[in-house]
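Got chain P sorted already, so can you dock chain W onto it with the hints?
2 protein chains.
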Amino acid sequence: MEFLTLLPPDEARALLMSHLSSGTADSESLDSFLALGRVTAEDILAPHPLPEFARTSVDGYAVRASDTFGASESLPAYLTLVGEIPMGAPADLTLESGQCALIHTGGMLPANADAVVMLEYTQTINREERKEREEIQKRNLSDFARFAVGSEIEIFRPVAVGENVINIGEDVRTGQVVISRGTSLREAEIGGLMALGITQVRVARKPRVGLISSGDEVVEPSQPSRPGQVRDVNAYTLSALVTRAGGEPLRYGIIRDDFSALQAMAQKALTECDVIIITAGSSASTRDMTADVIRTLGAPGVLVHGINTRPGKPTILGAANGKAVIGLPGNPVSALVNGYLFVVPVIEKLLGLTPRPRPTVMARLTVNLASQAGREDWWPVRLLPPSPVIGRGAGGEGYNAEPIFGKSNLIFTLASADGLLRIHPDATGLSAGEIVEVMLL
Amino acid sequence: MEFLTLLPPDEARALLMSHLSSGTADSESLDSFLALGRVTAEDILAPHPLPEFARTSVDGYAVRASDTFGASESLPAYLTLVGEIPMGAPADLTLESGQCALIHTGGMLPANADAVVMLEYTQTINREERKEREEIQKRNLSDFARFAVGSEIEIFRPVAVGENVINIGEDVRTGQVVISRGTSLREAEIGGLMALGITQVRVARKPRVGLISSGDEVVEPSQPSRPGQVRDVNAYTLSALVTRAGGEPLRYGIIRDDFSALQAMAQKALTECDVIIITAGSSASTRDMTADVIRTLGAPGVLVHGINTRPGKPTILGAANGKAVIGLPGNPVSALVNGYLFVVPVIEKLLGLTPRPRPTVMARLTVNLASQAGREDWWPVRLLPPSPVIGRGAGGEGYNAEPIFGKSNLIFTLASADGLLRIHPDATGLSAGEIVEVMLL
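Residue numbers (my numbering), protein chains in the order written: chain P, 1 to 441; chain W, 1 to 441.
These are computed hints drawn from the structure, not numbers from a lab. Think of the CB as a built atom: it goes at the ideal place given N, C-alpha and C, for glycine as much as any other residue. Treat the hints with care, as some may be off.
[To be verified] Chain W regions said to be covered by chain P (calculated; three or more residues, Cβ under 8 Å):
no.	stretch
1	83-93
2	226-233
[Claimed, not checked] Reference excerpt, derived from the structure (chain P facing chain W, CB under 10 Å, subset only):
no.	residue
3	Ala-89
4	Gly-215
5	Leu-414
6	Gly-419
[Stated by the list, open to error] Residues of chain P placed beyond 10 Å of chain W at every Cβ, according to the derived structure:
no.	residue
7	Gly-70
8	Leu-93
9	Glu-96
10	Thr-124
11	Phe-156
12	Asp-232
13	Gly-253
14	Gln-263
15	Leu-270
16	Lys-313
17	Lys-349
Chain P on its own, in the form it takes in the complex (with noise of 0.2 Å):
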C-alpha cells in the first residue's frame, strides 16, 4: 500500500513522454480566422513575396534617387510633378529624370522611382498654391492631383536609392517558411496567413482526453450531496485544464469502487481517446485500484506509482499502447496541481507544440517556507501589489507573494490564488524576502 520509490517529477515526466507515440497522427484543415490557439501541422511556406511590390513607408513624392543627390535647404533640387500615385492600383505613369509623383503611405512605387522624400522635405514652389494644395490634400486627394501637376517641388533633403521604400519581398520571400509547424497560432501569425491569402491552415487535431472519476463517495455536481458524500470536482476542473491546453476533453461520468467496472469503462476511453486521466477516490485503496486498472489496459502498463512532489505524491503515470494513462489523486488540488505538471506537457507533446516560454511573475516572498529536500513542492501564492514605498523593482512588477495556508485538499484554497510557487526539489525551502518565480493559474 506504501510506495517503495517516489521519482522526481522531472524523471516521472520524461519517462511518461518515452512511453508516448511522438507527435499526433491527425490534422485537420481549418479556417485560419478560426485557429487561434491551434497548432500548426506542417511548415507554411510564403506562395509569393510580401510586400509582392514596391510600397512607399511614408507620405511623400516617389523620385528618382540620383535627382535629389546634394539637395539642401539653402539649394533644393526642384522636380516636376507628374501625377499621382493612387491607392490600391499601379500608377499609370513611368518617371523621367526630373520628374516625381505624389504618393501615399502603402502605395506602390510607380516605374523608374527608386526612392521617396518624406513631404516635410519638400515644399511647391507657389506657396500660394501650397496652401491651397494642403487644404485639397486633406479633403480629397484625387482633386489635388488635377490640380497640381505641372507644379515644380522643392526638394531640401538627398534621399538614397531604396530609401522610404519596402522592397518586394523584404518581410517574406516566395518559399520562405513563414510558420514553422508546431506553432501556437496567436494574433499576428493569423495576420501573416491572411497577409498571404492563405485562408485554410492545417492543425493538429485536438487530442481527446477522456476523464474518468472514481469513489463511492462521489456524486455529480448537479445532485444533492448527502452526508458522507462530495460532488465530483475534478472531472470539471481538468476538463478546464485540458481545454485551456488544446485538448478535447470527453466526460466519462463517476464510476464506483469496483474494479470491473472501472476496468471497462478506462478500457472504452483507451479505445475512443489519446490519453485517459482517472481521478481515484481520495482513500489508498482506491488509487492502488487505478493502478491495478492500468496494469492491465496494455503494455508497458503503470511507469510511476508515486511522485516526490507535493501536492500530487499519488500520483500514477503509465503508459498503454502508445498512450498515456495517468492517474490522478481525488484531492482536487492534488488532481488540478498534478494536471499541470504531467497533463498538459502531454497534451502539448501530441499537439506537436513546439514550447514557447512560459509566462509568470516575479515576485518577493514574504514568509520562509520550509521544504523537504528532494521534494518538490508548488504552493499556492497570492501575489500582492507593490508597496508604495518600495515601489517597483528593477524591472519588475514588484509583487509580493504570500503563500496560501492551508489543508491541500481545500479547492477555494486554489481559488483565491493567483498563482503556484515551485520550491526546487534540491532546495529544502526558501526565506522571506528571495525573488521568486511565480507560475500563473
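For chain W alone, coordinates are given in the frame of chain P:
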C-alpha cells in the same frame, strides 16, 4: 494633417476610460462547466459549508482523542476496532470510550469521534493477522472490516482533538463570498462552483466589438491581390485579439476611402456593438477621414488624435454615447500593438474584470536600445533560452531578450516575436545587459 500634441499612452487611455459607460450592463446565465475564461457578473455566495461534514484527511482510525493521550511506542494505547466507515455514507456506529473505527481519506467521522490516528502509527496486536489484513485491505476493504472487527489496535502516538480532520466549513462557510464579481473563471473557480453544486453561473455578456477596415488598397484575404493592393490583415488580427480578451468580434468588411460610406458603416456598427474599431488605410489623409467620421458619431467624439508611442503614433481614441470608438493605423503591426494597449483594456472594463497580474517574462536585453524621451516604445523581441554558461538568473528563467529590428509594418516581424518590450516614456533607452520585463504575445 500633423498632430498638434501627442498624449502619453497612460494619459490617453485614462481619458478614454473616463468617457465609457462603467461596467457592462448585460449579463447572461451559463452552464458553469462552459464558463472557463468568462467573467462573473455578480458575487457568488456559498449555499452551504464546505466540507458539509467532518472528514478525515488521512487513512487511519477514527478515535476519541482523549483515548490516545499519553500513548507512545513503549506504552501504546489499546483500542477496540468496532467497524469501518463506508465511503459516501454516514457511519452507522457511535464511538464509545476505548473504541476506534477504520476510516479512509475523505470518510465522514462517526459520532463521538474527534480525531484520526494515521495508519502508520498503529498496529493490530496479532502480527500474523495484521499481515493478512494488509493483503486483504489492498484488495477489498469491506472484507477487511468483516474480518477484523473486534481486533485490538495498538496506537503509538497521541492525537489532539481535530487532528487529521477537516471540519465543517473549514474551506468555506455558508453565505461566504467564494467568487467575487469581476473574476475571470479559471480551472479552480469552476471546480469550486461544482463543489458547491452551482452548475449555472451569471457572467458578463461578451462585449461586441465591431471591426471596420478602410482603404482603397485593401482587399479580402480570399482575393488575389493585384499590384498596389494588400490583403486585409487588421480585421483578423484584431478579431483574434478581441476573442482572446473575452469579447466577440463582428467584422463589417472593407470600406473604400469614401467619407459617406465609412460614416454610414460606422453608424451601423455603433448601433450594433459596444465598441467600434476603424483601421484606416495607411495614408495620413485616410486617418484624418477616420477622425472626421468619429466626430459625426456622437459626443464627445475624438478625445485623442495622436499618442506618443511607437508604433502607433496616429492612433485615434474617441467615444460616442458612452461607447469607445478607436481609430487604429492601417499598418498591421501598429494596429495590433495599439490593440493590446487600448482595445484590450476597454474590453476588460466592459467585462467588469478585476485585473490579475499580467504574465510577463524577465529577460536580459542583448543590445542597447535608444528611445526618444517622452515616447513609449514597444519593441518586438525574441526570447532566447538561457546560455548554458550563465545558467539561470536569480529565480528567473534567464532568457535573453533580442529585439527584432526591421521596418515596423512587417507583420511577420511580430509573428516571429515572443513578446513586446516596453521602454518607459521617461527613459531615453535601455542598455545591453539590463534585466527587462517582456509582455508575452
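The hints, checked one at a time:
{"no.": "1", "hint": "83-93", "result": "holds (count 5)"}
{"no.": "2", "hint": "226-233", "result": "holds (count 8)"}
{"no.": "3", "hint": "Ala-89", "result": "holds (5 Å)"}
{"no.": "4", "hint": "Gly-215", "result": "holds (7 Å)"}
{"no.": "5", "hint": "Leu-414", "result": "holds (4 Å)"}
{"no.": "6", "hint": "Gly-419", "result": "holds (8 Å)"}
{"no.": "7", "hint": "Gly-70", "result": "holds (27 Å)"}
{"no.": "8", "hint": "Leu-93", "result": "holds (13 Å)"}
{"no.": "9", "hint": "Glu-96", "result": "holds (21 Å)"}
{"no.": "10", "hint": "Thr-124", "result": "holds (15 Å)"}
{"no.": "11", "hint": "Phe-156", "result": "holds (17 Å)"}
{"no.": "12", "hint": "Asp-232", "result": "violated (7 Å)"}
{"no.": "13", "hint": "Gly-253", "result": "holds (13 Å)"}
{"no.": "14", "hint": "Gln-263", "result": "holds (14 Å)"}
{"no.": "15", "hint": "Leu-270", "result": "holds (23 Å)"}
{"no.": "16", "hint": "Lys-313", "result": "holds (12 Å)"}
{"no.": "17", "hint": "Lys-349", "result": "holds (19 Å)"}
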